[in-house]
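Engineer: Listed below are the residues making up each chain.
2 protein chains.
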Amino acid sequence: MPLFNRVTIVGLGLMGGSLGMALKRRRLAKTVVGLSRTPATLRRAKRRGAIDVGTTDAAHAVRGADLVMLATPVDTIIPQARRLARHMKPGSILTDVGSTKIRIVAALERSMPTGVAFVGGHPLAGAEARGIEAADAHLYDGAICIVTPTPHTNRAALRRVEQLWRPLVGRVVRMSPREHDRALASTSHLPHVLAACLVRAARPRDLSTAAPSFREMTRLAKSDPDLWDDIFFTNQRLLLGAMDQFSRQWRALRAMLAGSRRAAFRRALAQAKRTRDAIQDR
Amino acid sequence: MPLFNRVTIVGLGLMGGSLGMALKRRRLAKTVVGLSRTPATLRRAKRRGAIDVGTTDAAHAVRGADLVMLATPVDTIIPQARRLARHMKPGSILTDVGSTKIRIVAALERSMPTGVAFVGGHPLAGAEARGIEAADAHLYDGAICIVTPTPHTNRAALRRVEQLWRPLVGRVVRMSPREHDRALASTSHLPHVLAACLVRAARPRDLSTAAPSFREMTRLAKSDPDLWDDIFFTNQRLLLGAMDQFSRQWRALRAMLAGSRRAAFRRALAQAKRTRDAIQDR
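Chains as they are written, first to last, in the working numbering: chain A, 1 to 282; chain B, 283 to 564.
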């Protein structure tokens with residue numbers, strides 16, 4: 001018996017489309033419903049096996065769903081959730097894949113209609129490509145999915161959301177929304193800003209012979225500016241903090257290099273290597 | 283008929299070992315001789331098909347060689363080259379794979395014994411792993427190899443070095459030593475420093491749930507500190523210049539974020555994306 005009778009995915013881009021494909025592949029939902037503004041996207045999602053049924057009618061899409069997954073850009077999640085929750089049935093769950101969590105969880109968790117529970121989530125997976133054509137049934141394989149409960153979170157709903165993700169990812173981790181946004185500021189948003197700066201700092205003439213290390217360190221700059229601009233600004237304060245933490249290390253290393261303090265510089269590199277070697281690559 | 287009768291590779295680590303394997307695979311040299319201080323490395327190199335003959339005797343290794351390739355760490359190349367050149371035959375070529383070129387070319391090009399020509403080179407390939415066990419016949423496939431002639435470079439020797447690399451890499455490019463070191467400061471040395479800073483800026487508790495983007499942006503921090511410390515300090519001035527160029531972009535983006543200048547921030551991201559999208563990934 002599938003884990004869910006009816007799951008509705010709102011937004012059929014890379015994240016939502018890939019989730020649909022993974023749910024279908026693992027037979028975790030009897031019916032996957034897709035909601036999109038664009039009929040062509042619904043047709044493509046159906047052709048790619050990401051959804052069973054597609055609709056452009058929001059009320060129709062979520063009525064009868066046991067779980068509704070919001071997979072639209074981060075700054076659309078709050079208004080979307082409010083609009084959709086009105087049509088959801090008692091006992092159903094609303095959750096999301098948004099890249100920042102403080103605002104979304106604060107805005108939604110305690111404003112749901114009676115009987116509807118909101119649970120914040122964020123699977124750490126992605127690619128610079130967008131849209132249903134880039135969707136991949138294996139996008140979430142081995143990934144970490146963070147769920148962000150608070151003292152107000154409905155525990156049964158939280159467990160159901162964890163049950164949904166557990167078969168699809170490598171590990172499900174609980175964090176407070178604040179812990180999540182702080183961690184992601186350092187480990188995701190900051191790297192994206194660095195990649196953009198690195199591209200902007202290079203002389204055009206050097207790009208045609210760029211070393212492989214440069215291509216690797218700037219791949220994130222291919223990400224969609226509209227999507228990431230929203231993420232950065234919804235996490236503005238914590239991202240500024242992460243940038244300043246980086247700046248302190250940066251200035252320290254620059255001073256060692258400028259001052260020809262080789263032993264200190266080498267120790268700093270060695271410490272970074274030890275720390276990085278301890279992180280498991282997949 | 284092979285391109286070279288006898289090629290000697292000095293240093294059988296990742297770079298030298300991989301070159302030997304590629305030369306053998308493509309039958310570009312009748313005999314590949316390996317020089318290493320460590321007999322066990324010579325045995326491993328032979329077992330891996332990187333060399334035909336191995337020796338720990340420097341004079342013996344280079345005597346009779348048509349081309350000698352220095353593939354030892356960047357700060358050992360100058361003294362090694364001077365020691366070895368004395369034993370090389372007239373008409374032979376000494377070249378290297380060192381990651382910085384100004385000092386090496388300046389020190390060596392005009393100080394070779396009569397009849398021996400030095401040509402600076404640098405194939406843009408590598409990995410964070412070291413040693414003959416990490417060597418790979420395909421390490422250089424598709425890579426860019428930079429050769430760094432000056433007005434003093436023997437043109438026939440330059441063409442021979444280009445002939446050696448051309449079948450092994452994707453593209454051979456000529457640059458002056460200064461152009462090379464400036465370009466690599468921005469596109470290789472700077473990214474390595476950034477990766478180390480990014481690791482050092484992260485809170486330890488965030489590392490266990492680090493997003494894939496963080497792992498990608500810090501992989502370079504796994505590089506060997508001794509090797510890279512040498513590279514950074516032999517290119518100290520130009521690397522400081524590249525770091526300062528990065529700092530200007532960094533401060534500009536930080537100011538846009540702090541000042542909530544969203545339109546400017548988004549334009550900067552979009553410009554970085556356009557630039558990065560134009561770089562071909564392999």
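Treat the hints with care, as some may be off.
Unchecked claim - Pairs of lysine to any residue residues, derived as SDA-like cross-links and limited to a Cα-Cα distance of at most 20 Å, are as follows:
{"hint": "1", "chain 1": "A", "residue 1": "Lys222", "chain 2": "B", "residue 2": "Arg544"}
{"hint": "2", "chain 1": "B", "residue 1": "Lys306", "chain 2": "B", "residue 2": "Met457"}
{"hint": "3", "chain 1": "A", "residue 1": "Lys222", "chain 2": "B", "residue 2": "Gln562"}
Read the hints as simulated data drawn from the structure, not as lab findings.
Engineer: Look at each hint and say if it fits the structure.
Structural biologist: These are the hints, each one checked on the structure:
At roughly 18 Å between alpha-carbon atoms, A/Lys222 and B/Arg544 fall within 20 Å of each other, so this suggested pair holds. The straight-line distance between the Cα atoms of B/Lys306 and B/Met457 is roughly 28 Å, outside the 20 Å bound, and the hint therefore fails. Taking the CA atoms of A/Lys222 and B/Gln562, the gap is near 12 Å; set against the 20 Å cutoff, the hint holds.
When the structure is compared with the earlier hints, a violation turns up for hint 2 alone.
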